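Knowing the structure of chain W, use the given hints to seat chains H and R on it.
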Amino acid sequence: MKNTNSKRRNVFLKDAVGRFLRHKVAMVSLAILTFEILVIVFLPMIVKLDPLTSNPGQFAVGPNGQFILGTDDAGRDIFARIIYGGRVSLSVGFVAAFISAAIGVPLGLLAGFYDNMIRGIIMRLVDIFMSFPALVIQLVLVTVMGASAKSLMLVLGFLGWTSYTRLIYSKVLSVKEEVYVEAARATGATNLTQMVKYILPNSLAPVFVTFSFAVAGNILAESGLSFLGLGVQLPTPTWGNMIRDAQTLSTLMYRPWMWIPAGIILVLTVVCINFVGDGLRAALDPKIKI
Amino acid sequence: MEDKIVLKVDHLKTFFKTKSGTLPAVNGVSFTLRSGEILGIVGESGCGKSVMSMSILKLIEKYGGKVQEGSSVELNGRQVLNMPERLMCDLRGKEISMISQDPMTSLNPVFTIEYQMVEMIRRHTGMNKKEAFAHAVEWLNKVGIPEAQKRMKEYPHQLSGGMCQRVLIAMALSCDPQVLIADEPTTALDVTIQAQILDLLRKLRDSMNGAIILVTHDMGVVAGMADNIMVMYAGKAVEYGTKQQIFKTPRHPYTQGLLASVPRMDKQEDKLYAIPGNVPNLTQKIEGCIFRDRCNQCIEKCAVTPPPQYLLENGERVRCWLYEKEAKEVCDE
Amino acid sequence: MKKYIIKRLLVMIPVFFGMTALVFFLSNMTPGSPVDAMITPEMGAADIAAMEHKMGLDQPIYVQYFKWLGRLFQGNLGYSYRTSQPVLRVISERIGPTLMLTLTVLVVSVIIGVGLGVIAACKPYSVWDTLASGVSFIGSGMPGFFIGLLFIYIFSVKTGWLPTGGMYTNANTQTLGDLIKHLVLPVLSLSLSSAGSFIRQTRSAMLEVIGEEYVKMARAKGMLERTVLYVHALRNAMLPIVTCIGMSIPGLVGGAVIIEQIFGWPGMGSLLVLSVSYRDYPVIMGITMYITIAVLVTNLLMDLIYAVLDPRIRN
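Protein chains in written order, with our numbering: chain W, 1242 to 1531; chain H, 40 to 372; chain R, 128 to 442.
Isolated chain W, as found in the complex (with noise of 0.2 Å):
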């Protein structure tokens, strides 16, 4: 029976491949991901690129020979800073959509399992996480826990959680009707065990989506707080607070090239994550609601 089990659930992942490596936009975002990855990770190691020191008498200049996206206001390479703020941006981003998952997933799995007290209380905690406006909520513990990157990572994490649980308890709902849960439980399996090695493995398709679909959330919301100067500090780059340059009025008319870039930056890594997402949704179940 566990032969087959897995028998099916490799027959079904090759589909599920082959319909993603069909989606031709996922396909080209996922391209356009990975070399961005691979810039942001390698080409500091290849070329020398400093984000932080600031170079005397190159004071927001345009885009030239030296700076290829110019300097800022305090003579710092825009090109650095959009790499090293991309670090920032998509550690934070992987990082933080990892702790939801770590807390959603488990929660998810008991509330879908559990027809009692568990599901309840796990379920009308979801219900008072999603009808809190998130942004409300991590701006008041960025600042009670201190303005950075890792206490952004913490709470994005911790406040993301509720749409891994979501969606892995509808599914876990149906996969415990399948009828291999079914023979697991009549041939005395425990609940742990009914649930980590029958039902998890089959219930995981909306972790991956979610997955993706976190980390562009994650990735727009540290932007957002780092926008509004509540997130990563200055001097450490990352793509939303360099768009923060452009909230003074002449940045913004007159030295686009210090936020623009940046800003589209941004937005293609994002709309990648997303199509990424959406072509994984296709291929593993497009019924999947986000």
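Calculated directly from the structure, the hints in this document are not laboratory data. Since the model is a prediction, treat every value here as computed from it, not as a measurement. Where a beta carbon is used, it is the ideal one built from N, C-alpha and C, also for glycine. No false leads were mixed into what you were given.
Straight-line C-alpha distance at most 25 Å; calculated DSS-like pairs for lysine-lysine:
1) W:LYS1255 - H:LYS58
2) W:LYS1438 - W:LYS1255
3) W:LYS1265 - H:LYS58
4) H:LYS287 - H:LYS364
5) H:LYS181 - H:LYS168
6) H:LYS101 - R:LYS250
7) R:LYS250 - H:LYS105
8) H:LYS58 - R:LYS250
9) H:LYS133 - H:LYS43
10) R:LYS250 - H:LYS56
11) R:LYS250 - W:LYS1265
12) H:LYS367 - H:LYS282
13) W:LYS1265 - H:LYS56
FRET-style restraints, in silico, Cβ to Cβ:
14) R:GLU340 - H:GLN188: 24 to 32 Å
15) H:GLY103 - W:LEU1445: 30 to 38 Å
16) H:GLY103 - R:LEU258: 19 to 27 Å
17) H:TYR102 - W:TYR1495: 55 to 63 Å
Just chains H and R now, kept in the frame of chain W:
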């Protein structure tokens, strides 16, 4: 008056464009329907019965199908297939209406029975709200719905499946159509309710001045109801005749197979007969007769050329090479 | 119907307590004790303890929570550290503009989102469908603040068509026309992201409904195509759309905080950002509480709308 032709379908061909090729769902079906007649159309699921109904209503394009040039559907002498959508809307529900397979999902869940009936009656008759309401109640009474006034205010989820089907029948007949297409009207219902609904349809046929096309996969249903029967297989009409002809002397091997697979009370049988094999994949080009693979009376010719439709002495039509000799003439192709 | 409303209200009770407890917990996490502000150098430990006792800070946390809740219901939210005014007064001036902004955004994004979504679903692969997916693509990927800045750059700085921010040009021009001019950019920048998700939701809901048997039946009974789509199909598609609209409201409120900041809109959002930078905790908590209650009320409202739309829930 009795013999007035209300519906004439000629060489109806409907196809779907799919990824794996063109799918000829209905492939040259012809029949005429006279007022007062009940025509049973029988076939396995996927043989094109429902596509045919939707094509006659000129609705199939909304669902991705295309009616091929050269097809003809005449409703009361008017060509339907090239009719502008606006005019066709006036005919649907008024001259030709439909009841469908699944009564529970065929009524809109967010509107009351009253809304759904009155809306249609007013659209086709020009009655005012009050008259339409009275008319709807009258019809609900006619189809045997108790407390019709009260039911009018209810929503579909408050009714049982059988009740929903009665409402749908009342709705379909409320504007006095000449043709009623009943597409598997009893499939989704319990057996006892099935009998009630069929009984109701039979009674209504006598009082309405139209004809009924009864689409079903169930030989038992047509046995009790139909005057004439058309057997369809893979988008083609393989046999057409009166009820007596089809049941007493089935000609086409497929029809014979269908009848053999009906469980019978009057004979002791050890094993229920089943036609071997499956319906062919229609997107692939099939050489020769479409039924060849499953036929137990195959001759050489069957593998080479598809048989034409033969008109026999007794007026029966059959699409099979076995009747080449006794055929009076070849009708169409 | 009555039963349903009561049930929803009952469900809301734990959510209300949960949310307020969360806010209370947060305010307790803020560094420093409320006593700190009143301590003078000559006070000893005993004096501080007496003061804490007087303020109820030595009581168990749940007692403090209910007392806090009680004060909350009396409208006593404390005093602003920054201006020393009662929090209620500081906030109440800001409610009007925020409500105006968010409600307008809600209306505009529902019109754009549901409208485009319906058209896209009724005419798949048409120009409208492309436009709709374009809008939803921009809306989902572009953060509101970047759209806002781009809008200011294009429509205020480059062309001079619309003002860069504020609610009125100056105190003497408080006319409706002036207000609308100031509303256009913030509303549009905030609407795009919610409109984006409404478009996707509406499109898929409509496509699903159009495939239903009752839509086929409505066509078969001779209803005109526009009645079929906009009455029979849309009424059913509205159900998931309403859910989606309800779920978007917290996000919208969050977005408003940033947008108000960019456009200098004198609402609760810009007050919140200001208070955060001054660490004005009573005001921060007051605003959070207000938003919480507003979200709860809209949730209830959405439930009611849902019940009106769906007879299966009503009965």
